[in-house]
Amino acid sequence: MSRASMVAAAAALPRAPIAGIGRYRVGDQIVDFEIGWEETSRDTAWAREQLTRWGAGRSGYALITVAMWQGPWVSPVLRACREIGITFGMADVFGWDSRRTATFARRLPLSLVFGLGRETAEALADSGELADLLGGVPAILAHADALPVLTAAGLRPGLIALLGPALALECPQRAGAHVSGAEWLVEETGDGLILSTAAERAHQARRVPLGIAGSVVSGLCPCGSRDPRVRLG
Amino acid sequence: MSMPMDVPGDRYFQPAIETMPRAELTKLQTERILRLVPYAYERSAFYREVWDAAGVRPADIRDLDDFARQIPTITRDDIRAFRSRTGDPYAGLLCVEPSELTSITSSSGTTGEPEFFPELWEAQQPLPVASARDLWELGLRPGDRVLVPAGSFRGFFDSFYQMLGLVPVYADTWMGHWADVLEVIKAYRPAYVQLMGPIIIELERLAATHDLREAFSCFKGASFAGQPLGRHQARMIREDWGLELFVYTSAGDTGCAWECREHDGYHLWEDTVLAEHLSTDSNDPVPGDEVGELVATNLDDLAAPLIRYRSDDLVRMSGDVCGCGRTHSRMWVAGRKGDETLVRGRPVLVGDVWAAVESVPETADGLFQIIRPGREVEELRVRVGYEPSGDLGGLTERLAAAIEERVGVAPVVELETADEILARSTSVAKFPRVVKK
Numbered sequence: 001m002s003r004a005s006m007v008a009a010a011a012a013l014p015r016a017p018i019a020g021i022g023r024y025r026v027g028d029q030i031v032d033f034e035i036g037w038e039e040t041s042r043d044t045a046w047a048r049e050q051l052t053r054w055g056a057g058r059s060g061y062a063l064i065t066v067a068m069w070q071g072p073w074v075s076p077v078l079r080a081c082r083e084i085g086i087t088f089g090m091a092d093v094f095g096w097d098s099r100r101t102a103t104f105a106r107r108l109p110l111s112l113v114f115g116l117g118r119e120t121a122e123a124l125a126d127s128g129e130l131a132d133l134l135g136g137v138p139a140i141l142a143h144a145d146a147l148p149v150l151t152a153a154g155l156r157p158g159l160i161a162l163l164g165p166a167l168a169l170e171c172p173q174r175a176g177a178h179v180s181g182a183e184w185l186v187e188e189t190g191d192g193l194i195l196s197t198a199a200e201r202a203h204q205a206r207r208v209p210l211g212i213a214g215s216v217v218s219g220l221c222p223c224g225s226r227d228p229r230v231r232l233g
Numbered sequence: 234m235s236m237p238m239d240v241p242g243d244r245y246f247q248p249a250i251e252t253m254p255r256a257e258l259t260k261l262q263t264e265r266i267l268r269l270v271p272y273a274y275e276r277s278a279f280y281r282e283v284w285d286a287a288g289v290r291p292a293d294i295r296d297l298d299d300f301a302r303q304i305p306t307i308t309r310d311d312i313r314a315f316r317s318r319t320g321d322p323y324a325g326l327l328c329v330e331p332s333e334l335t336s337i338t339s340s341s342g343t344t345g346e347p348e349f350f351p352e353l354w355e356a357q358q359p360l361p362v363a364s365a366r367d368l369w370e371l372g373l374r375p376g377d378r379v380l381v382p383a384g385s386f387r388g389f390f391d392s393f394y395q396m397l398g399l400v401p402v403y404a405d406t407w408m409g410h411w412a413d414v415l416e417v418i419k420a421y422r423p424a425y426v427q428l429m430g431p432i433i434i435e436l437e438r439l440a441a442t443h444d445l446r447e448a449f450s451c452f453k454g455a456s457f458a459g460q461p462l463g464r465h466q467a468r469m470i471r472e473d474w475g476l477e478l479f480v481y482t483s484a485g486d487t488g489c490a491w492e493c494r495e496h497d498g499y500h501l502w503e504d505t506v507l508a509e510h511l512s513t514d515s516n517d518p519v520p521g522d523e524v525g526e527l528v529a530t531n532l533d534d535l536a537a538p539l540i541r542y543r544s545d546d547l548v549r550m551s552g553d554v555c556g557c558g559r560t561h562s563r564m565w566v567a568g569r570k571g572d573e574t575l576v577r578g579r580p581v582l583v584g585d586v587w588a589a590v591e592s593v594p595e596t597a598d599g600l601f602q603i604i605r606p607g608r609e610v611e612e613l614r615v616r617v618g619y620e621p622s623g624d625l626g627g628l629t630e631r632l633a634a635a636i637e638e639r640v641g642v643a644p645v646v647e648l649e650t651a652d653e654i655l656a657r658s659t660s661v662a663k664f665p666r667v668v669k670k
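As given, the protein sequences belong to chains V and W, one line each in that order.
Numbering of the first sequence is given in this note's numbering, commencing with residue 1 and proceeding in unit increments.
Numbering of the second sequence is given in this note's numbering, commencing with residue 234 and proceeding in unit increments.
Okay, chain W solo, but in the shape it has when bound (with noise of 0.2 Å):
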């Protein structure tokens, strides 16, 4: 089954992909899985020696049942290992010569080193590209002017705008620029930016100087991805500063998953990824309304696939035609696996703990970092960034409080500023929440 062939209309990128029927994008989804299993099998060391030990070969696979009941679910920590046993830099994913590769970008790291995702230009655009219909959605047309993201490790974004008709205004938007990305704003008046947990702290500051709601006038949207966002900004942003924001998250690994002008859940591109949710310690699917993990394939990637890749996310899921029309499953995120820390026994959600933070006044950014050696401690500590401003007499005691009655734990809070633990940053796209030190 080929793509249909689709031009951009009044609101869908792609109209015929986009809102497929059930029946069709399954059967799309077959015929890719039933090209990829002999293709990775022929040509990656790493599914070949985990297949091989889970007794499955590729003609075992003639549908998707076969798929999820045969194939072995991977994790991150499998490809490490593989990694660090051979010594090859793509943990034996790599399905085409070194030397065919365009590009390599990498993870964000914040569970240890970079991830690498290989990219052939030929045959599979990289990640930005991916992205095109949501964009889309969202409402960016030709002639449109954008302002360039902060970091580059995802890629070099200004090609994808300009495949779009779009105008990249290459301003210096990372934290610490904003009030000059203002003057920016009045002069080109752009449609689009991507905002950021810390270019958020700042902008909050510049509030009190500034009429954000006047300077976002000219914005059809801006995006926010890489970590949730608490009630108080969503709030602040979309009430304050009059932005629609569409968050976005990772579709395990395989490419990302938006929020349309409905913003109920992420949109997951079935055409590209073959999701499945999966319960946390087994292969069995658990229903859309629970929570349960992504597991992730990617249908369009040539290079070096992800096949039944356990993402850590914990996702509830649902494959109803959304309201915008698109047919393709949404998720809703509900948090990460290896957030949870047992104090003591009791579990501790990385939620919780941000709501509490969330409800003190001089801590709404919600800027924490749950910090322990492991998952099982004996104390709960809590690094809280606030605004340095004002009277802060007694914030730890009422913080400790307000943790202690959400989680039912009596937390050690350590004060930072704000600025102090931004400065723990590990990637332009993610805060992380729970640290070792």
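Just chain V, same shape as in the assembly (with noise of 0.2 Å):
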């Protein structure tokens, strides 16, 4: 078929160096890092680990929520879904594409809505849809700014946190958002939490500030998993 000789053709392209730039914000400062392709492959694995905690399997719908420009964060993630096998639609995070968001929950028994932002969950609410389209989807992951959306319509969403240029996703436990110990090391200060690189990665960072309060919790997790979690605020 022809799409599939368009990739047969791009196989004999040289791969670039790195796999992509990404972009965090820190305050008012502005941080871009490399992306290498090592890293991209194990960032995938760690997502699918968390996809596998929250139920997504083979027979599921997962939608994904998603501006391009976090693509450096929920890029391992897509890739984990088609590893796994589960079906994922795309819908965008603004509050006016929210009807695409309701037309999925709508037309599809969802498993899985991963990156709801503020500006979707407010339309929804505002639309008093949200409960109805949402309440008997079994895995919500949604960002801070939702999440008093959410809850306030009787949801229990799992937490999303981009920390500067790491990952982080709260498992169903509920009890902290999970980073990836072998990829960062995160600390808590009086100032913030503080993040550093613990494994090789085009980007390396040191004990950078991330503008962010919160703690971060040791230890084993009830869903078995050692890696640290944070909890906002």
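What the hints contain is simulated information worked out from the structure, not anything from laboratory work.
One or more hints might be untrue.
[Stated by the list, open to error] Taking beta-carbon pairs under 8 Å as the criterion, some of the chain V residues facing chain W (in silico):
#, residue
1, Arg-3
2, Ala-12
3, Gly-22
4, Val-26
5, Met-68
6, Thr-87
7, Gly-89
8, Met-90
9, Asp-97
10, Ser-111
11, Ala-125
Yeah, the Cβ is synthetic: ideal placement off N, Cα and C, and Gly gets one too.
Both chains come to you apart, so use the hints to assemble them.
The following block contains the structure:
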């Protein structure tokens, strides 16, 4: 078929030296970071573990709401969806695109919604449909700014946090957002969380202040993970 | 007939396919149609119902003439009606088990609820991949950096860029962020970005304080899609900012059709789509230089192929070899079938209102919407976005006069600021020109 032939033709091309360039904000400062190929594979494997804890499996449907600039954090999640075999839909994060999220939720028996942000949550709440549309979804992972709206509607979302270049995801225990301990070292200080790389990555961070208030929980999570967990605020 | 083995060359990404002689293209299309028809009949409840009602069986289809003469055309309303009646989220189009699907993207939803595009990555890669030939023609090559587009609803593009050896730069390129994006451009000198209407409005404002020609000097090109581009904006981008713009459009919801470097029509990749050019009120073909409706059949989709799908896109078409050397047909978009408004029986076209709005300096960006509860109305209501600076005295009256002169109907003009009217967007890709309220 034709698209397959395009992929085959592209296979003759040299691979780019890095997988991409991401950006994160600390206060008023923007920090750019390169993303390497090897850590992309490791991040995908880690994301797969987290999604599996939420019950993501081959037979289900996931909806991923994401903006393209969030790729450094969400691309491994999408790759993990493909590896797991869960069919994933895509919707934008803007409030006016919430009807796309609503359409997916109305038409498909979603088992996972990943990436909900404040704009989408508020738009669905304003329409009066939030609880009806997402009440039956067993796994919802949302950004911190969406949590108040979702919990007010009776939903029990898990937390997604972008900690500088690192992704943190709560497990179904909802006892803090896991950060890959093999990749990152997170410390709490009186001035907020600081982050360092613990593995060889294209971007090396050494005790970078994140400008995010929170605490770090160590030790075994009831879900079985030994990854450190972060509680915001 | 199998696909020829191709490796990217200086100009063509797949030289053998892109310059395939017409007779070979027709042979390839015939083979694919003859596989597609029984495949869809056997697996799709929708096609089985529609074709049974028309009294046609797969065995009746032996060549492209049989296909064009006997297979019924379908519309978006037919698909919606099937879904509404059966409750099937895929409207009976799905030809594989739902669990086999990799992903589902959806249409912009400008005219109603978004329609699903189920994707089966093992068999055919998702939509972004289908632009590989077009981005190669634009000039992108391995090692180039590219800015990611803003929206994700038609798929996540980074793995596609990586497939081409490109380095995605994950900056937020949606409107409101371009002062920052210009800093990113200065730092990383990317070669490509996708522009959309609201972004161009923002860049026009930033041009007062930034040297956009210098900023864009590193670009090999930019793409633009989702809506027609007004003459004012096109001139500004190409001449003032020095950006070579590659406009693309939908190939009847089967993929995309892009301009090449000749900028003379949108190339339809005919190994992926069988494009017919039919009368809007019958299944009769119309001559290529006359406006007809694009009716598309997806030749490269095993998940939920559209077969003889009436796109509502009014186009002219040509099968002549393009100046770029490609043999695949080109089309030129004249408008949308449903966008004609009858005001007390007098037809008013979006393009005519557009030209009038563009002719007034304060509204030269062409931000407007025709407001109508139905196709036939008693008065022409036009909502127009303006830049809130300078003296706006008499703007409403000047706009009304310009529109009346162009379309022959005195309109009721409602003014909003550009930001207010842009907030009425319903997708990152499209700004609706005809709305109900």
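Each hint, compared with the structure:
1. Arg-3: 4 Å, holds
2. Ala-12: Where the cut-off is 8 Å and the nearest Cβ of chain W is about 5 Å from Ala-12 (chain V), the hint holds.
3. Gly-22: Status holds, d = 5 Å.
4. Val-26: With a closest approach of 15 Å, the Val-26 (chain V) hint is violated.
5. Met-68: 4 Å, holds
6. Thr-87: Since the shortest Cβ distance to chain W is 4 Å, the answer is holds.
7. Gly-89: 4 Å, holds
8. Met-90: With a closest approach of 5 Å, the Met-90 (chain V) hint holds.
9. Asp-97: Holds: closest Cβ of chain W sits about 6 Å from Asp-97 (chain V), inside 8 Å.
10. Ser-111: At about 12 Å, which exceeds the 8 Å cut-off, the nearest Cβ of chain W leaves the hint on Ser-111 (chain V) violated.
11. Ala-125: Violated - the Cβ of Ala-125 (chain V) stays beyond 8 Å from chain W, reaching only about 19 Å at its closest.
In this structure, the hints that do not hold are numbers 4, 10 and 11, in rising order.
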